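Hey, can you work out the whole structure from these sequences and the hints?
To get the numbering used here, take the position in the sequence shown, counting from 1, and add 12.
Simulated from the structure, these hints should not be mistaken for lab results.
As the structure is a computational prediction, the values presented were derived from the model and not from experiment.
One thing to keep in mind: the hints can contain errors.
With a straight-line Cα cutoff of 20 Å, these simulated DMTMM-like cross-link-like pairs (lysine to aspartate or glutamate) come out [unchecked claim]:
no.: 1; residue 1: K240; residue 2: D286
no.: 2; residue 1: K326; residue 2: D390
no.: 3; residue 1: K347; residue 2: E303
no.: 4; residue 1: K364; residue 2: E212
FRET-style restraints, in silico, Cβ to Cβ [unchecked claim]:
no.: 5; residue 1: K269; residue 2: K326; range: 33 to 43 Å
no.: 6; residue 1: S52; residue 2: A129; range: 47 to 57 Å
no.: 7; residue 1: K301; residue 2: R112; range: 49 to 59 Å
no.: 8; residue 1: K269; residue 2: L53; range: 13 to 23 Å
no.: 9; residue 1: W234; residue 2: P361; range: 48 to 58 Å
no.: 10; residue 1: T256; residue 2: V164; range: 23 to 33 Å
no.: 11; residue 1: K81; residue 2: V164; range: 57 to 67 Å
no.: 12; residue 1: D392; residue 2: N257; range: 48 to 58 Å
no.: 13; residue 1: L397; residue 2: K269; range: 48 to 58 Å
no.: 14; residue 1: K269; residue 2: D384; range: 19 to 29 Å
no.: 15; residue 1: D357; residue 2: D296; range: 42 to 52 Å
no.: 16; residue 1: E282; residue 2: D357; range: 47 to 57 Å
no.: 17; residue 1: E268; residue 2: S79; range: 21 to 31 Å
Glycine is no exception: its CB is placed at the ideal position from the N, C-alpha and C atoms.
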Amino acid sequence: MKRISITLLVVISMVVIGQGSVFAHHEENHVSSEVSESDSLDLATHSKSAILIERDTGNILYDKNSSEKLPPASMTKIMTMLLIMEAIEKGELSLDEKIRVSENAASMGGSQIFLEAGEEMSVDDLLKGIAIASGNDASVAMAERIAGSEQVFVEMMNEKVEELGLKSTNFQNSTGLPAENHYSTAHDMAVMAKALLKYEDITNYTSIYEDYLRKDSEDEFWLVNTNKLVRFYEGVDGLKTGFTNEAKYCLTATAEKNGMRTIAVVMGAESTKDRNSDVSQLLDYAYAKFETKPLYEKNQAVTSFEWLKANKQKVDVVTNDSVSILYPKGTNLNKIDTKITINQDIELPLEKGTMVGKLQVVEGEKIISETDLTVLEDIDHANVLQLFKRTFQSFF
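So, in structure tokens, the structure goes:
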């Protein structure tokens, strides 16, 4: 493998909001521990634990016992859907692929879409069954397709938990059905939801209020979203409900208004009405008190560099996620800087999505946001003809 040493630092002055503290996160898989004036508020009073974050920055806007370990019930399926979306992105699954349902998957109790052993259903429809109707049978069918068995899939789930840096979550199944040593926290569910929402297509499923499976057949099945807020709260387009007798009523919701996406999690409410009320209250607070300023969109080119020995001589460097800053409404304008640093040692070949640097948003000496920079396409070694042409052109 060939190696190239690159050092690039770009500082861009930008007029943005900055009085006091501008909220942001330092690691993309985590949420910031910085909590604003919410410490004195009393929200989500019907729930055992709750958290409210802004998605792009990961900043916590409200926290109530968010580190308490509790059964997540069907909110477990947020991780299940995350692994499904990852498999689709990697090309290991396609939405139109037909999955044959096993006897094990068909035997799942609780919420289900009544799959039968031997039935074939597309990944697209199974994903609807999970996202809309919280189908346990659909979850297990997808787990078996991706990993060969639900047990191995659960190992993948817990590996992803570790990858996300979560310390208070452990899964025993892909469904959220009651099981010993199956637990999570409001904080960890928010981080998982944040990771899932990187796949923007997921809300095409979680936002559907009603749909049908097996259309135009004798076995047509009506899907109605277990998350009623997608219909009754403006801007809500996901994400996942949960209920068992042990867990009580839980909800991880996400909404987008005026370019700001929030995630609200409540756990342990006594009724559907209580969980919806608590989430609505959290979202009301977020959009009444805060707003965001977008800086970069996902996959936006922020710089480029010349690479003589690569097949693409000009390599574009892009953000791997959207970049925003969060601030209380009414905050005065100030200046911040954006710093782009490209790694010193980059090796050929590069696969699409390889991290090659960092974009930092800074306020003085304080780093208020850090985002990975990646490449949008595969970059390989230049061939002999390309190298000859470039060497020849350098003489003129």
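Hint-by-hint comparison with the structure:
1. K240 - D286: Distance ~12 Å between K240 and D286 Cα, so the pair holds.
2. K326 - D390: Holds - the C-alpha atoms of D390 and K326 are around 13 Å apart, at most 20 Å.
3. K347 - E303: The given pair, whose Cα atoms are some 17 Å apart, holds under the 20 Å limit.
4. K364 - E212: holds (18 Å)
5. K269 - K326: 33 to 43 Å: Hint holds: Cβ distance 38 Å, inside 33 to 43 Å.
6. S52 - A129: 47 to 57 Å: holds (55 Å)
7. K301 - R112: 49 to 59 Å: holds (50 Å)
8. K269 - L53: 13 to 23 Å: holds (20 Å)
9. W234 - P361: 48 to 58 Å: holds (49 Å)
10. T256 - V164: 23 to 33 Å: Distance hint for T256, V164 holds at roughly 24 Å.
11. K81 - V164: 57 to 67 Å: Violated, since K81 and V164 (Cβ atoms, about 25 Å apart) do not stay within the stated range.
12. D392 - N257: 48 to 58 Å: holds (56 Å)
13. L397 - K269: 48 to 58 Å: holds (53 Å)
14. K269 - D384: 19 to 29 Å: Given about 27 Å between the Cβ atoms, the range holds.
15. D357 - D296: 42 to 52 Å: holds (49 Å)
16. E282 - D357: 47 to 57 Å: Since E282 and D357 have Cβ atoms about 56 Å apart, the given range 47 to 57 Å holds.
17. E268 - S79: 21 to 31 Å: holds (27 Å)
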